[in-house]
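Trainee: One letter stands for each residue in the lines below.
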Amino acid sequence: MTSSFIHPALIMIVGALLIPFIRGPLRKPYLFLVPLLAFGAVISNSSLHGIFATYQFMDWRIVFGRIDKLSTVFAFIMAIMAMIGTLYGLHVDNAKEHMAAWFYVAGSFGAIYCGDYLSLFLFLEMMAFSSVFLIWFRRGEKSLDSGYRYILVHATGGVILLFGILLRYQAVGNMTFNLLDVHHPELYTWLIMIGFALNAAVVPMHFWLPDAYSQASFNGAVFLCAFTTKTAVYTLARACAGMDILVVLGVIMALYGVIYAIMENDIRKLLGWSIVSQVGYMVAGIGIGTELAIDGACAHAVVHILYKSLLFMGTGSVLYMTGKTKFTELGGLYKKMPGTMVFTIIGCLSISAAPFFAAYISKSMIITAGFESHLNWAAWLLMFGAAGTFLYNGLKLPYFLFFGKNNCSEETWAKAADPTWNMMMAMAAGSALCIIVGTFPGFLYRMLPYPVEYNPYTVYHLAETLQLMGFVALAFFLLKKYITPEDKICLDVDWFFRMGGRLFMWIASHPLQWFDTAWGEAYRAVGLRSLMTTSRFWSWFDWHGIDGVVDGFARSIRALGARVRILQSGQVQYSIYYAASFVAILLIAYVLSQLS
Amino acid sequence: MRKIIEYLQARLKVVIGTCYVLLAGIVVFACIIDRTHAHTAEGRALPIFWSLFGFIAAVIIIGVARWYGHSGIMTREDYYDDHSAQDD
Amino acid sequence: MDSLIIKEGFPLLSFLIFFPLAGAVVLLFFNGEKFARYWTLAITMITAAFSILLITGFDTTTAKFQFAEVHNWIPQLNIHYILGVDGISILMVLLSTLIMPLCILASWRYIKTRVSQFMFSMLIMEVSMVGLFTSLDFVLFWVFWEFMLIPMYLLIAVWGGPRKDYASIKFFIYTLGGSVFLLVAIIALYMKNGTFFIPDMMWHHYSMTFQILVFLAFFLAFAIKVPMFPFHTWLPAAHVEAPTAGSVILASVLLKMGAYGMLRFCLPITPQATFLLAPYILGLSIAGIIYGGFTALAQHDMKKLVAYSSVGHMGFVTLGIFVLNIRSVEGAIIQMLNHGVTTGALFLCVGMIYERTHSRELSVATGIGKYMPWYVTFLAFFALSSFGFPGTNSFIGEFLILAGTFQANKFLALAAIPGAVLAAAYMLRMLQKIIWGGTNNPDQSYLKKHDLGIREIATLAPLLLFVFWIGLDPQPFLDMMHHSVVNLITQLNFIQQQAPHVASAFMR
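If you're matching them up, the sequences are chains F, X and L in order.
Each residue of the first sequence is one higher than the one before, counting from 1 in the numbering used here.
Each residue of the second sequence is one higher than the one before, counting from 1 in the numbering used here.
Each residue of the third sequence is one higher than the one before, counting from 1 in the numbering used here.
For reference, chain F alone in the conformation it holds in the complex (with noise of 0.2 Å):
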């Protein structure tokens, strides 16, 4: 252990339990300062490498701080987005909130900076639960139940990945945290990799995020959208990477996020297919596992986690603002909320992948090294996902949010503002960090953690692009009808778990509740009244029977005695009369006794 390794999450930790304490006008500092603090630990320990911050526990070594350029990257990330999505809901009244949210990112420095499965677990289990009080606090009508299905969901995960840790245990012997044998896979390697990738919202285990991230409260979102998902990311590059099933599952995820995106009436459902889109294109990049590939995966997951979080802020404004979430009761809020329109447009052109924005400088890493790697048919879906994603991303969202038909109630339109300072504040910090990262790449790929030799700025790339956009926004302008909202639902594959589910209800309430019940009439009818019976029966015996004999006993000593009472006459001529016989009778009887 060496003392200059700070694990972050204990500042979070330390952090959230102080909240309650602070009170009043000192609260905003404070929430400012405790994720800054994070940051902080975490520059300082990009200077390190190595193992850190071990103890031992009964046979297992308990790793917490593994230092390389793989974890370094992402929980640089992760604290940045930590600083902004607590600057967004600084205002939040609620501690309990602010203390989940804190829980729900020391969770995931933890799960980073971890080097062993047991506390990777344990990390892991503690985002679960402290995320869902996210979706909970929201207090919308739909967010309880939700919420329920969030953590049932991923509370199944868990034990999953616990089942396949301790196969693993019981295989190899150790609990170090490293990359799996990908080409030989066990069972447990399956069972592992599943437990991480439905964290990652892999399809067909991805049915959780848009419904649960829809429902999240406004500012919860914001921090729901980075962590679990990109821990999960982290979790299979650090375990998985190179496993070829990924690529088809990444490239699977990529497409289906895209279709249901387009379909989308709720602008955060949109969002939350979109990030199941993105994250299928990280996936797809650690199935392909070349260097390239994951240095691409890892762009990606930074990236990502700046606009999806820019974008998520962009629609909780309105949210937060208006009550409102569809398409169908929203629209032309350009003239309402133009500082939110200008920052969802700059995360929207980041997500589209726009030369100078974000993904500009990831997706195409990504997408090379798949065809490096000649893995074509991937790449070349990826790229036809990389057209849906501006068509429902850069297009659908911001024209039919900002523009467009205007169906907002009056009441709607009286609400709609642009929101608080801090919120602004946020997103333009974000915006900043998008088109930062996206015009000079060259920071975010020296902490990669393969040497990058790609360049995104060329020429063929920028007319690539270019041309994609240009005609992708073409075909848009003029099937813009048939991609109108409606107010519906989609349904997916968690038709067959709700549906399901119900029919479990069914059974619990009507046969088995029957034989239940049946069952405990017996129960009370025979055995507890033959059981009741008996006890009253031996309490009546003992009383009656036991003690008739005792007391009994007693009772008639008494009576011989109140007879030989009457013997006590007082007179002294009686008392002489009744000593003598009695002596008499007692020498009689001996003397007969020496006769015989």
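Watch out, some of these pointers could steer you wrong.
With a Cα cut of at most 30 Å, we get these calculated BS3-like pairs of lysine-lysine [stated by the list, open to error]:
1. F:K415 - X:K3
2. F:K324 - X:K3
3. F:K405 - F:K488
4. F:K335 - X:K13
5. F:K326 - X:K3
Hints are computed from structural coordinates only; laboratory data are not their basis.
Take the given structure of chain F and dock chains X and L to it, following the hints.
Mentor: For chains X and L alone, coordinates are given in the frame of chain F:
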């Protein structure tokens, strides 16, 4: 910001015209640049490859989404709500 | 005398016996109420503090009697004043001295009339309890045995409930009836051995007839005290009518005297008779366990419920003793200690409710959990302990007893299990009714401001501490008794092997 947008909205025809000009400019730009470093054979062969790719991709995506949605995936808002009498 | 380790210097055991007596004498002269309470509390606490010295000076590696004192008393009749503790009795002495201050605290406001006489009786009670567990001369033992009847009688008869006359007389005569036979046995043994010194009477090969008669005499006296089925009927009456402190002393210490007597006298002095008659006694124990369970389940008077639960618990103790192997005897002794702690605590709890509601009926105390959270927390832990919940003290005792029983005879262990289940049933039933009740609870809101006070928490907290200490770390307690028990059982088995012909000669 609002003012800029309203200014542009007032001159919508001009804006659309400008966009078409830009699009044309992009096509020209694509034709004249060096294509030898493209990742794929198709990219090297056809200058306006990505324009066509983008347009066709968008059309396919919109079509697939519409077909998929209208085949039953898109449904009413309260589909999952519990219609039994009990209220929670 | 070689079984004694004489204590040089400060006579700790005599001090423990006579210091409360001195304190009691003072109370005869100064009998103000307030003075009586504080004085008695001080005396009992000092006695308790000194009894801790017993632990520190106790050698756990030997089975000899320690802290021994030998003085002449009536040399003409060979009666001497001999005291000593070994592994079996030391825990009982400690139980007696440490529970006394808690009883005094519990009686603080409960006793309102003749307070100084009450405290006097309590101190005399302590004298006789400690004396009984430490005496190694039979006459001395018998004196203390009889001696403790009087204060107990007074406690019930003067400060007891509505049927105190009936209960106190029944207790007195019932116990006295048994101890008459004890006296006869003592004299018979004297005639055989020429001494009243108890260790000298042990491990002899008396004739079988003699052994059986002596054993039966001992057994009757002790079985009434324990109490074993069917000699138990004085217990519900006495417990119900006695004041809280009286019930606690009765349950915690007096019942243990019977079991102690069995261990100290029946087993070593009449070993072959023990082996011969053990099966019947085991049968009576099992009957007691199950009978106690059933009758407790039928009660709606809380004190009676706990009283019948004592019958069940002591059934386990006698079961453990007469299985006659090391594990079960250790379990029995630990269970004696545990029962003292737990049942004493339960009686304290019932007393606390009685002080508030003036009724012992379960229906009056239903649903108080909402208004008295501290109280029901303590009650819940003691109730869990009462039916042997793992983690509490009784679990250790019952486990050891059942493990030892299982070793000896599987069916016997299986027969005892329903008793454990019944214990859970009646305890949980009582707990459920008291804490939550049902939909028709009486209005208990007047209890809201009457949750446990500091004094009451101070009374219950040490007991809760022991519940968990013994439950989670019983090793120190088991260490104390281990050598004495091993010595006892080894000698028992040895003598059984030596003289099988005596037993077989008696077999029909």
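Trainee: Could you run down the list of hints and mark each one as holding or not?
Mentor: Right, here's what the structure says about each hint:
{"no.": "1", "hint": "F:K415 - X:K3", "result": "holds, 20 Å"}
{"no.": "2", "hint": "F:K324 - X:K3", "result": "holds, 25 Å"}
{"no.": "3", "hint": "F:K405 - F:K488", "result": "holds, 18 Å"}
{"no.": "4", "hint": "F:K335 - X:K13", "result": "holds, 20 Å"}
{"no.": "5", "hint": "F:K326 - X:K3", "result": "holds, 26 Å"}
Going down the numbered hints, you'll see the structure goes against none, and every one checks out.
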